[in-house]
Amino acid sequence: MFYRRAGIRHTRYEDERQLFPLTFDRVLIIAILVLLLSAPFWVERLYLVGYMVPWLIWSGAALGLNLLMGGAGQIHLGYGAVIGIGAYTSVHLVRFGVPLELAMIAGGLMSALIGSIFGAAALRVKGIYLAMATLAMQYIVDFFTQTKIISGGSLATLQVPPVSFLGISLKGDVATYYFCFGVTFLIALYMLNIRRTSFGRALAAVREKDYAAQILGVSTYRYKLLAFWVSSFIGGVVGSVLAVAYLRAISPDQFHLELSVQLLAMVIVGGLGSVLGPFLGAALILFAPIVLNNALGAAASAFGTDIPIDLRAHMPLLAYGLMIVLFLLYEPLGLAKIYDNFRKYLLVWPFRHAQK
Amino acid sequence: MEMNRRKFLASTAGAAAAFTVPGMTGQVFAQEKIVRFSFPQDFTKIYTFVTSEYSQGQRDYITLVNERGGIGGYKIIADVSDHANDLPRAIEAYERAKREGAVLIDPLSTPVARALVPRALEDKINLITAYSGRSDAADGTVFPYVLPLSINYWTQAALIIENFRKMEKGDLKGKKIVFVHIDTPFGKEPLPILDVLSKRLGFTLQTFPYTPPGNDQSAIWPQVRRAQPDFVIFWGAGVGQTVALTEAFRNGLKMDRVSSSVWLSESDMDVVGRANAKGVMKVEPCVGGRSPKIIKDILSDVVGKGKGAGPENKVGTGYYNYGVQMASLMVEGVRMAVQKAPNGPVTGAWLNEGLTSIKDFTAEGMLPPTTVTKADHQGGGMGRIARWDGDKFVPVTDWYTAFQDVVWDEIRKYAEEFKKTGK
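Chains as they are written, first to last, in numbering that gives the first Met the number 0: chain A, 0 to 355; chain B, 0 to 422.
Honestly, the hints are just simulated from the structure, not real lab data. A couple of the hints might just be wrong.
To be verified - Below, simulated DSSO-like cross-link-like pairs (lysine-lysine); rule was C-alpha separation at most 30 Å, straight line:
{"#": "1", "chain 1": "B", "residue 1": "K198", "chain 2": "B", "residue 2": "K187"}
{"#": "2", "chain 1": "B", "residue 1": "K304", "chain 2": "B", "residue 2": "K74"}
{"#": "3", "chain 1": "B", "residue 1": "K174", "chain 2": "B", "residue 2": "K198"}
{"#": "4", "chain 1": "B", "residue 1": "K277", "chain 2": "A", "residue 2": "K147"}
{"#": "5", "chain 1": "B", "residue 1": "K412", "chain 2": "B", "residue 2": "K32"}
{"#": "6", "chain 1": "B", "residue 1": "K339", "chain 2": "B", "residue 2": "K373"}
{"#": "7", "chain 1": "B", "residue 1": "K187", "chain 2": "B", "residue 2": "K253"}
{"#": "8", "chain 1": "B", "residue 1": "K418", "chain 2": "B", "residue 2": "K74"}
{"#": "9", "chain 1": "A", "residue 1": "K170", "chain 2": "B", "residue 2": "K419"}
{"#": "10", "chain 1": "A", "residue 1": "K170", "chain 2": "B", "residue 2": "K412"}
{"#": "11", "chain 1": "A", "residue 1": "K147", "chain 2": "B", "residue 2": "K44"}
{"#": "12", "chain 1": "B", "residue 1": "K44", "chain 2": "B", "residue 2": "K32"}
{"#": "13", "chain 1": "B", "residue 1": "K165", "chain 2": "B", "residue 2": "K304"}
{"#": "14", "chain 1": "B", "residue 1": "K165", "chain 2": "B", "residue 2": "K175"}
{"#": "15", "chain 1": "B", "residue 1": "K292", "chain 2": "B", "residue 2": "K277"}
{"#": "16", "chain 1": "B", "residue 1": "K168", "chain 2": "B", "residue 2": "K253"}
{"#": "17", "chain 1": "A", "residue 1": "K170", "chain 2": "B", "residue 2": "K277"}
{"#": "18", "chain 1": "B", "residue 1": "K172", "chain 2": "B", "residue 2": "K419"}
{"#": "19", "chain 1": "B", "residue 1": "K277", "chain 2": "B", "residue 2": "K313"}
{"#": "20", "chain 1": "B", "residue 1": "K304", "chain 2": "A", "residue 2": "K147"}
{"#": "21", "chain 1": "A", "residue 1": "K147", "chain 2": "B", "residue 2": "K418"}
{"#": "22", "chain 1": "B", "residue 1": "K418", "chain 2": "A", "residue 2": "K170"}
{"#": "23", "chain 1": "B", "residue 1": "K277", "chain 2": "B", "residue 2": "K175"}
{"#": "24", "chain 1": "B", "residue 1": "K358", "chain 2": "A", "residue 2": "K147"}
{"#": "25", "chain 1": "B", "residue 1": "K74", "chain 2": "B", "residue 2": "K123"}
{"#": "26", "chain 1": "B", "residue 1": "K292", "chain 2": "B", "residue 2": "K253"}
{"#": "27", "chain 1": "A", "residue 1": "K147", "chain 2": "B", "residue 2": "K292"}
{"#": "28", "chain 1": "A", "residue 1": "K147", "chain 2": "B", "residue 2": "K419"}
{"#": "29", "chain 1": "B", "residue 1": "K165", "chain 2": "B", "residue 2": "K187"}
{"#": "30", "chain 1": "B", "residue 1": "K123", "chain 2": "A", "residue 2": "K170"}
{"#": "31", "chain 1": "B", "residue 1": "K32", "chain 2": "B", "residue 2": "K123"}
To be verified - A partial selection of chain B residues facing chain A, derived with a Cβ cut-off under 8 Å:
{"#": "32", "residue": "T43"}
{"#": "33", "residue": "S80"}
{"#": "34", "residue": "P87"}
{"#": "35", "residue": "S266"}
What the hints assert, rightly or not - Here are some of the chain B residues that sit facing chain A, going by a computed Cβ distance under 10 Å:
{"#": "36", "residue": "R88"}
{"#": "37", "residue": "T183"}
{"#": "38", "residue": "A308"}
Just so it is clear, the structure is predicted and the values come from calculations on it, not from any experiment. For each residue, glycine too, the CB sits at the ideal point set by N, CA and C.
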């Protein structure tokens with residue numbers, strides 16, 4: 000009934016290779032896209048600006064990181080720095096009067112360049128050692144962004160001037176939302192498609208065993224660097240979106256290790272290597288603390304119990320930690336896998352596989 | 000019933016959904032005349048050393064005002080929440096506050112304040128940046144809706160140097176002052192002022208940065224001792240402060256020649272050892288302890304009636320009183336606004352008019368005379384120095400201000416740059 004496969008016959012290779020062979024999946028995706036596209040008309044402003052916009056931006060960033068971690072199997076602990084490079088490059092260019100469209104691309108290229116230089120460490124080291132090398136990148140970039148030339152001295156905030164994208168001013172909430180939606184949509188589309196290309200398959204080969212890939216004729220040198228290049232480019236572009244559409248004033252501390260770890264958590268909790276995962280992960284990591292906090296506050300005032308604010312502020316963190324532990328215990332492959340299990344269950348529903 | 004995994008997940012999700020009813024808070028006073036303040040602050044990450052006491056002071060004072068019938072018929076509502084020094088959470092809190100009609104927001108966090116500056120300027124919501132945020136926000140002509148209402152770090156550094164000068168009978172020529180600071184923008188902030196003053200007054204300045212968060216400074220302090228300073232200023236917050244004090248004590252520096260900013264409290268002294276820290280000085284922006292009339296009123300009318308926002312033994316501690324100080328200034332702003340336009344409408348601009356016409360306000364003897372104008376959002380730059388006597392901070396000077404010309408040069412320089420380039 001749901002996710003019906005009966006009656007779908009592929010008579011051409013193109014049919015079988017399409018992104019969503021099942022009609023139900025296609026309808027579902029279109030329904031979600033329609034909901035997201037119409038969001039400004041039915042979502043309250045607070046939720047549009049306070050939730051949807053950061054969710055889209057962080058999802059885009061997590062998608063970029065996921066290409067590297069889930070796609071190519073290279074760990075990166077300095078992705079916050081990559082985003083910071085993009086943000087600072089594009090904001091400086093915009094302030095010089097360069098159009099945002101070009102500044103975004105320049106931000107992406109700068110991130111890609113610096114990210115690949117540090118990514119070159121991946122050619123020599125793996126696993127935990129690569130983690131250390133990318134962590135070093137985080138700290139080195141932090142050091143340079145704190146200098147006067149880049150971030151502007153000890154007061155260190157850089158205001159983003161009013162910008163427009165393709166002739167549309169990004170001043171209003173709705174325009175900003177569509178701008179973020181568009182960028183994240185393109186990134187997601189790219190991620191969905193990349194798996195069907197030789198590039199995506201080469202990354203997968205490198206991920207599974209790099210020397211086996213080399214033996215098969217996949218240049219690990221080339222593809223590891225390319226993975227860093229592409230992923231950092233996306234990070235840089237998202238960085239400029241983050242700066243112009245959400246933060247609107249950037250300072251070095253916004254791109255510290257906390258951001259890197261947050262993104263890492265989104266990718267891991269969401270599901271390594273999946274495209275849906277970063278969206279779910281970003282939603283959970285960004286909003287679980289807020290929602291838990293508000294829910295606890297509402298519960299406290301509704302039941303008239305007076306919880307001291309210290310405890311009230313810390314209890315959601317306990318719940319949040321517990322939630323992540325439980326999610327990872329129940330499904331180590333991430334939130335996307337939970338959806339996948341659900342989908343697989345419905346694929347054969349109401350008939351079920353033998354259990355126990 | 001067997002509780003299998005699916006049922007467990009379903010019931011958890013159900014419970015979570017049931018709790019997520021947005022917009023349930025703060026509907027109580029919907030019929031009355033209200034002024035809404037929003038206090039999203041950092042209770043869980045970086046500013047934990049100050050937030051809970053500061054917030055307790057703020058809420059107790061606001062309770063006191065409301066218990067007495069509010070200001071000109073207006074009740075004040077304070078929405079307190081946790082933003083954990085995290086920008087998405089802080090921006091969400093800001094947007095929520097804006098939707099609920101808050102006219103004032105006090106995030107008590109420098110990164111958050113910096114990020115909210117463009118929004119507050121645009122939305123005309125009063126952003127209070129007490130002891131945090133941009134120091135140049137004191138220039139109200141450039142930052143009309145950003146109000147520190149408290150002495151900024153440049154003024155604090157100037158106050159400390161002036162006090163040293165008094166201790167040396169008015170002459171610092173040839174003296175050596177060592178500045179030990181956390182290696183962050185916050186720690187480096189007083190440097191330009193100290194540089195100018197060292198040239199003007201003829202003392203030598205030597206600086207020693209330590210790496211954040213400052214829980215290990217053992218490499219720095221022997222060098223400080225070797226430098227044989229006449230005075231030491233240490234500059235940090237939270238754990239860095241107690242570690243600095245411990246190291247200063249261990250290295251045998253004369254504690255009565257050591258001074259810090261406003262970020263030193265009784266709780267820090269407990270960590271260092273109350274007797275060890277004897278003699279150390281700090282900047283006091285308002286009267287500490289339980290002697291001010293307002294604190295006594297809070298003790299009898301709020302805490303005494305079981306309406307206190309936190310543990311009673313915190314009432315009158317340093318940071319608690321900072322909270323009372325800031326809340327009293329905000330409420331005074333409301334009072335002035337009501338005087339100017341009794342029937343509102345309650346908007347950010349309405350409150351801004353009130354806040355910028357606070358004149359010689361002392362909160363019944365608790366604050367130095369504070370005057371906020373449209374140009375000066377610092378409030379006059381008065382403070383005093385207090386010395387730890389092993390049990391409490393005792394004031395050693397009267398309220399005074401110092402070198403405001405140097406401070407305002409700096410404020411105007413940065414404000415000018417903000418106006419020109421947005422930095």
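Hint check results:
1. B:K198 x B:K187: holds (18 Å)
2. B:K304 x B:K74: holds (19 Å)
3. B:K174 x B:K198: With Cα atoms ~12 Å apart, K174 of chain B and K198 of chain B stay inside 30 Å; holds.
4. B:K277 x A:K147: violated (39 Å)
5. B:K412 x B:K32: Cα-Cα ~42 Å, so violated.
6. B:K339 x B:K373: Holds: K339 of chain B and K373 of chain B sit about 15 Å apart, inside 30 Å.
7. B:K187 x B:K253: With Cα atoms ~24 Å apart, K187 of chain B and K253 of chain B stay inside 30 Å; holds.
8. B:K418 x B:K74: violated (36 Å)
9. A:K170 x B:K419: With Cα atoms ~20 Å apart, K170 of chain A and K419 of chain B stay inside 30 Å; holds.
10. A:K170 x B:K412: holds (29 Å)
11. A:K147 x B:K44: holds (27 Å)
12. B:K44 x B:K32: The hint is violated at about 35 Å.
13. B:K165 x B:K304: Judged against 30 Å, a Cα distance of about 45 Å means the pair is violated.
14. B:K165 x B:K175: Judged against 30 Å, a Cα distance of about 15 Å means the pair holds.
15. B:K292 x B:K277: holds (27 Å)
16. B:K168 x B:K253: holds (18 Å)
17. A:K170 x B:K277: Judged against 30 Å, a Cα distance of about 55 Å means the pair is violated.
18. B:K172 x B:K419: Violated, at about 38 Å.
19. B:K277 x B:K313: Holds, at about 21 Å.
20. B:K304 x A:K147: Violated - the C-alpha atoms of K147 of chain A and K304 of chain B are around 53 Å apart, more than 30 Å.
21. A:K147 x B:K418: Cα-Cα ~18 Å, so holds.
22. B:K418 x A:K170: The hint holds at about 19 Å.
23. B:K277 x B:K175: holds (22 Å)
24. B:K358 x A:K147: Outside the cut-off at roughly 38 Å; violated.
25. B:K74 x B:K123: holds (21 Å)
26. B:K292 x B:K253: violated (35 Å)
27. A:K147 x B:K292: violated (47 Å)
28. A:K147 x B:K419: Holds, at about 17 Å.
29. B:K165 x B:K187: holds (25 Å)
30. B:K123 x A:K170: holds (16 Å)
31. B:K32 x B:K123: Satisfied, since the Cα-Cα distance of roughly 20 Å is no more than 30 Å.
32. T43: With a minimum Cβ separation of about 5 Å from chain A (threshold 8 Å), the hint on T43 of chain B holds.
33. S80: Since chain A brings a Cβ to about 6 Å from S80 of chain B, closer than 8 Å, the hint holds.
34. P87: Because about 5 Å separates P87 of chain B from the closest Cβ in chain A, which is inside the 8 Å limit, the hint holds.
35. S266: Given a least distance of 14 Å, the restraint on S266 of chain B is violated.
36. R88: Cβ of R88 of chain B sits 6 Å from chain A, so the hint holds.
37. T183: Cβ of T183 of chain B sits 8 Å from chain A, so the hint holds.
38. A308: This interface hint holds because 7 Å falls under the 10 Å limit.
Hint compliance for this structure: hints 4, 5, 8, 12, 13, 17, 18, 20, 24, 26, 27 and 35 are not met, and every other hint is.
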